[in-house]
Each structure stands twice: as C-alpha cells, then as structure tokens.
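Student: Whole structure, please, built from the sequences with the hints as guidance.
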Amino acid sequence: MLEIPVIRWGKEYQSMTKMDVVHFETGETLARVHEANGGLIKMDMKKAKKAREILRQFSIQELVDKCAVAGELYENATLPLGNGEQDPASFCNMQSATTGLPEHMCSFNMTKNAFVMKNMGQILTALTRGLPYDILTNGYGMEDRGVMVSYQANCDAAGWVLPSNSPGVHTLWLPVIPLQMGLVLKPGPAEPWTPYRMYEAFAQAGIPREAFCLYPGGADKGAELGGAVLESCERSVIFGGLATIERYHGNPKISAHGPGFSKIILGDDVVDDWEKYLDIMVDSVYVNSGRSCISCSGIWASRHTEEIADAMAQRLGPIAPLPMNDPNSGLAAFTMPGAAKAMSGQIDDGCKSSAVTDVTAKYRGGDRLVENKLCDFLRPTVLHVSDADDPMANTEFMFPFCSVVECPQDKMISKIGYTLVGSCITKDEKFSRELLDATNIDRLNIGEVRTLQLNWLQPHEGNIIDFLFRARAFQNAPPPPH
Amino acid sequence: MSELEQKVSLAREKLDKHVVESVEWHFNPETGCDYWIEKAKTLGFDPRKEIKCFEDVKKFPHFEDDDLRGGPVERWLPKGLAGKPAYVFETGGTTGVPKSRLVIEDHWIDYEEFSKTLPDEHFPRGSNWLMLGPSGPRRLRLAVEHLCQHRGGICFCVDLDPRWVVKLLKKGKTDEAKAYADHVIDQAITILGAGHNIKGMFATPKLLEALAMRLIDNGTSVEEAGITGIFAGGTEFTPQWYRFCKEELLGPDVYITPTYGNTLMGLACGKPFDPADEYKITYFAPQPRAVIEVVEFDDYDKVVGVGETGRVKLYTFTKELFIPGFMERDEGEREEPIDVYPWHGISGTRPFHELLTTTTVGVY
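Protein sequences, first through last, are from chains A and B. Under the working numbering, the first sequence has 232 at position 232, and the numbering climbs by one with no breaks. Under the working numbering, the second sequence has 1045 at position 45, and the numbering climbs by one with no breaks.
None of these hints come from the bench; they were simulated from the model. Glycine is no exception: its CB is placed at the ideal position from the N, C-alpha and C atoms. Certain hints may be false.
No more than 27 Å apart at the CA atoms, straight line, and that leaves these computed lysine-lysine pairs for BS3-like [said to hold, decoys possible]:
1. 253(A) to 1167(B)
2. 46(A) to 1246(B)
3. 1116(B) to 1171(B)
4. 18(A) to 1271(B)
5. 1079(B) to 1014(B)
6. 47(A) to 11(A)
7. 1084(B) to 1058(B)
8. 42(A) to 1171(B)
9. 1178(B) to 46(A)
10. 1319(B) to 42(A)
11. 1246(B) to 253(A)
12. 1170(B) to 341(A)
13. 1079(B) to 49(A)
14. 18(A) to 253(A)
15. 42(A) to 1173(B)
16. 1319(B) to 1041(B)
17. 1199(B) to 1280(B)
18. 1058(B) to 1007(B)
Covered stretches of chain A, as calculated for chain B (at least 3 residues, CB under 8 Å) [claimed, not checked]:
19. 4-18
20. 39-48
Tutor: Below, the structure written as structure tokens:
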C-alpha cells in the first residue's frame, strides 16, 4: 500500500489518523494518506522564518534555475511518492482516478504546470515589472533609473488551501519558492498527487526540503486544517465557492479564489458575423470540461443570441461521457455523491423562468444528468437567456455550461457582474475604452482570444507580488534638497 | 472461565440488579418523577413488572431528548428526592429553548468516581485547579469545581459562553471567534501567573492547544506554568491530537487523560495510557450508573460486534435520572471489556457521520 506522510518543513511525519484515497470508479484504494491536525500546522508555523532564511541562502536566479530543472523532473521523471514512487503516466492515471478529470486533461495540466516551472524567470520578470531580483531578496535596492525602491516580504511562508477538483490551480503557487518564501500546502482531499510530486521535483532539483510543508487531510478535516493554515500564515490563498469569497473579502492576509464567471462578449460591430467566432465560443466552454474559473460560463450579445445558442448546442449537446482513459473523453466525472444531481436540479429550477430555455435538450438525446454507481456526469448544457436580469444569466457550474444572454451593448458592462476573464470581441474603440475602464472585469482580452488562453506573463486574480510583498519607503541617506 | 470473564459476568449481574432498582424507583408513584409516571401510561407494559434485567430496558421506546426542552422542569424531579436543593443544567440552546436536566448530587457522584482514576502524583491532593471550559448553565463547570474540592483544592474558572462562539462560527465570523478564544486564554494566563499553586486542570482540546501555544509564544510552557495533570474531553480528543498534545504541547512530565461524556450520562473514563495502544482512545461508561452501547446505524436496538462501527446509545440509571436508551450524536467502534472496566467500551468516538453537515463541533 502506498503511504503518503505529512511533510513538516521537509521532515516526514507519520500521523495516527490516515485516510484512503480511492479510485472513484472501482473503489480501489490508491494510497493511504496521513492526516495532519490543526495544532501541528500552528506549531510548525512558529518556525516559518527558518524556511525563508534557508531559501535566502540561494539567489532568486539560482532558485529560478532550479525551478526549471524541477519542471523537467515533474513532467518526465519517476519520482518518490511516500513509501513508493510514481512515473508521469501513473501520476495522470491516479489523478484522473481520484478527481474524475479525464487522463488526457491531467496530462495537459501537467504540461501547463511544467511550462510555468520552466519559464519562472520570465514570469517573475513580468510580474515584478522587471525589478532586479536582489531588491526582493534584500528588501531594497537602487533601480537603473537611480531610484531607491523597497519591497518588504509580507510573510516568511505562504499558505495555500487547495481544491480537489481543479489541478490547474497549482500554477498559482509555483512562484512562492523562487521568491524565497516557505511553501505551506493543504492539498485537496482527492488531489494529493500534484503537491507531492512538485515537492519531490523541487527537492530533487536541489531546493531544500526544509522550505516545504504539506498537510493533507480528508474532507471532514477541511475546516480544521484550512483554518489553521489561514490563521497561522501571514499570507494565504484559499479556493472555494461564493461563500468563501464573501467570508474573506477585505481580509488583507487572505486571497480567496472562487468562481470566475468568465465570459465572451460580442460587440455590436461583430455580432452579425457570430459564426466566425463559434469555435472560440465552443472551446471556451468545453475545453478542460468546463472545470475552471477561466472556463466560459456566459456569452453576451445584443442580437442573434438564439442562433448562437442553437449552434453551440448542436456542437456540445451530443457530447456524452467516455472512459477516463479515452483520448476523446471530454467530460469530467463528479465523484462527490449528489453534487451533479444538485447542480442539474438547480439548472432545471432556473429553466422554469420564461426567459430561459435549455437549447441543448433537443440535441442531447438523453438526460443532462448521467448517474452511475460510483460517479455521475453532467452533459454539456447551453441555455438561452432573454433577460439579462434573470439569475441564470450569470451562473457558473463545474461542467461545460453556458448561458447565451441577450443584452443591449450599452447595458452589458453593468449587467455582467464580476468577470474573471472577459474575452471581448470588438473593434469598436468607444466600447473598447468602456471595457478597459470596467473594474468588474479582471483579466480583459480584447480580440479573438479564448477565455482559457492565458498568457502566464500576466497577473492572475491580482498580482502575487503585490500580495506577498509590500512596496514601502526606504532611505539610507537624506533625500536631495527639494 | 477466565478472571476477566468472571468480572464481566459479575458486572453484568450488578447492572441487571441496578436497573431493576432504578426502574422501581422511577416508576413507583411514591418516588418517581411526573414525566416517567405519566409516560408509563403510554408504554403498553408495566415497567415495574416487566423490566427484570438490563436487556429488558430495550422494551422502552428510544428516549427523545427534545422532551427535555421547556418547562416545568420540576416534572423531572423524582418525588423521592423532593425538597433537596436542585441544580438545572442546560445542553445545546444555541437556537430555541435549551434542553434542561435537573441534578441534585449526580454530578458530584460522577466526578468523585472519576477522581478515583486520577493519579495523585499528577493531581496532588490539596493543590488547586483551573477549569478552562464552558461556564454558565453548564454541568461541567460545577462538576470540575466539585472534583477539585473533593480532592482538597480550590478551582479557578474562566468566563466562556459556547453559544456565542457557535453563533459567530455559523455567521462565518472566524476572526471574532478567534478573538473570543484569545479573551478566554487571556483569563487563563492571568490566573496561572497569579501565584495560586495551580497544578490540575480541565480543558477542552481546543482551549488546551490555544493555551499551550500562547505559553510557548511567551517563552514558557504548560509544565513551566506549574500544571502537572490535565483531563480533557470531547470528540476532538482524537488519537492524533493525543499524540501531538503529549509530544509537542505538554512534554513527558505532564499527565493528560481523555474523558467522554455529556450532561445526561455523566463521565466515561479512558483506558489508562499504554504505549502499545498507539494512542488509541477507549472509553468505558460509569456502569452501572450509565451504559454505553454501540449500535447498528440502521437498527438502534442491535449492538454491533466488537471492532465494528456504530452509533453511540446511552442509558442513565441514577436516582435522579432514568434514560432508557438515548441516541447520542456520535459514532465509534465497540471495544472488548478490560480488567478495570469489565464491560464493553467504545473507541474512535467522532461526530455521527449522518449529522456532520448540521453539527458545529468543538466550539470551545
């Protein structure tokens, strides 16, 4: 039996309580994971300073170089995992078996994570606007333009409370180590694989194990362990639903990441040619099984919305579940009992509105909800929503789902609400200016860009540098006479 | 028959006899309380005639603890105890009318029995105690105070309203709940530092952890604060927490023992610590005054096999209270009798999985 220990600043810890991570289709136990307890985390965080001290023995450039090596190892090597080892193929197989994500999507996410690791230097340069690394290490320094700047680290170690259902989020914490801060991870109950594999890859690449803590635990321990991370790390990130976002709103120590409500907006100047953008719209909804905050959940246009919805439904409606190892498998499974049924019920309730039509129903040839013995699926669903104020106009679910919403262009920005990725197809300069000024859109794409096509050199849901460091005044000499 | 089997047999005989006496007391119109006298009319059998042993108690329907809500609370007072000064202790009550239990001396008796299990070298006679747990209309506060007095000491207490903490957590106000916990720990630190010769302590796992962390932050420790013995309780006292607490919060010289109980049943003791158990925690009810059974999830009248998992079912047979089978909000594994407690026990107590989504646990 594969046993995976708790990691406490690089030291393995055998817990008295363990949880089985099981294959969602067969019920086979894939690993026995040792569970942390909240006190353990709080106790360890008293030593977080040491992690930063150890990492500062390396330059940021050295750590960036080691990240690239780690990326290669993560992607291609057979690495230790607990009392066993794991090659890339079994990594994808196990991740798929516990998260319900088809294997080829796990493989894609693996490539994406490795890309970020291998290109960490460029990413840091972009996120810091070219700040010399020494300034982050020393806390201050003189820029080439002769200006003294100071960036003070907000924490010795950064905590991440990770989800089970979206292996793509791991890219977000990767910069922490090259930024010379300890890394504290609370993996999702069904997804210990990526954190542990990355930890081993970093260690094999020469980054001291003493910089890492991994605190796994089952769903029943989520509140205890997540709460301990958030309480004891000076900066931490948590993933969750809207309630999580609201709970931590305004808390400078915690960055809460949740639903993205990402959208495609068609300007009035291009909407008559909507068929040209059908591939962009379909891919944005469907790729990665819609299981991402950057997956498109809304398409907004002032006209042709019924035709757009119908065309998308024809493409997406017939898609049905396939085995997880089928390279054409496009739908992820819901492994949590009752979750898919509850979502499907919410959609059915929403469709009772006179403004809402499930356009996919006529192309699906079956129910949206596919219930199996050990997992469920939701088949792609495209709604047409004729009233932008209807609750279904701005809804997100974790499967290929989108609402095609009819809304006058001059009302769109005020009606779309929070939008993580807004891909706006328009050449209208006035509308473009309004979009640029819209503060409810986080990542703005103006042009033919799929919502999932992220440029890693851009900040995501806030710049991690601004979260982990604070710009402040520093002088080591009197200022020049005014 | 082995020595243990003999002890088990004797304990069972004692329980059967005790149950018959208890039923006679509670259902005799001269000595019983109004609640059970009236209830007897609806049972379809005469408990005084038909309950001849513990197994017969299963003829009663399961006790509905909602019956404990609301007044008049005097309906629970056995006539045979009329005129004695009574306490009322509450359980729950975050929303709505709390469940109430009348008590005269049960809490004293329960904790005097528990006192016999505490080692004098870690809970020295005559030393003072700190009660770091819920105050207000709770049995625990007075029970711990009595335990301390029974052992010749004086008990210091803190103010702690767990209902307020539940309200904060339900509203997602974790920062405020943390501030309230800090306020409680502030009180404890002040008392411990005031030269009162405090050596014994009751604490909930969460508060003990918070206290130990604060002392570490202050450059000291529970041991250096003078504490030599602690008892703690609740489903949060897990094997992992037990180990963490002994190894990292307390050190080898501070004794800690787990307990399990509630306002209705009293206090179940933990099996004495044995390294061979690898921190597994096994509780035994204070028989014959109370009984714990582990029953099947889909048949609460059927006890599970040893080592099997089931829901906790409690019985209370004291002069003050008769509870013929109450379904507790916990589950666990049934354990074999041991020499010091020759009746079946329970290990791995944790919140009943079917109620997990509706229960806010470990609030203090």
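Student: None of the hints should be skipped; say for each whether it holds.
Tutor: Hints, verified against the model:
1. 253(A) to 1167(B): Status holds; Cα separation ~23 Å.
2. 46(A) to 1246(B): 18 Å, holds
3. 1116(B) to 1171(B): 42 Å, violated
4. 18(A) to 1271(B): 22 Å, holds
5. 1079(B) to 1014(B): Satisfied, since the Cα-Cα distance of roughly 25 Å is no more than 27 Å.
6. 47(A) to 11(A): 13 Å, holds
7. 1084(B) to 1058(B): 31 Å, violated
8. 42(A) to 1171(B): 24 Å, holds
9. 1178(B) to 46(A): 18 Å, holds
10. 1319(B) to 42(A): 46 Å, violated
11. 1246(B) to 253(A): Measuring from Cα to Cα gives roughly 31 Å; hence the hint is violated.
12. 1170(B) to 341(A): 26 Å, holds
13. 1079(B) to 49(A): Violated, at about 65 Å.
14. 18(A) to 253(A): Roughly 30 Å separates the two Cα atoms, so the pair is violated.
15. 42(A) to 1173(B): Holds: residue 42(A) and residue 1173(B) sit about 20 Å apart, inside 27 Å.
16. 1319(B) to 1041(B): 21 Å, holds
17. 1199(B) to 1280(B): 26 Å, holds
18. 1058(B) to 1007(B): Holds: residue 1058(B) and residue 1007(B) sit about 24 Å apart, inside 27 Å.
19. 4-18: With 3 residues closer than 8 Å to chain B, the segment 4-18 of chain A meets the three-residue bar; holds.
20. 39-48: holds (count 5)
Of the numbered hints stated above, those contradicted by the structure are hints 3, 7, 10, 11, 13, 14, listed in ascending order.
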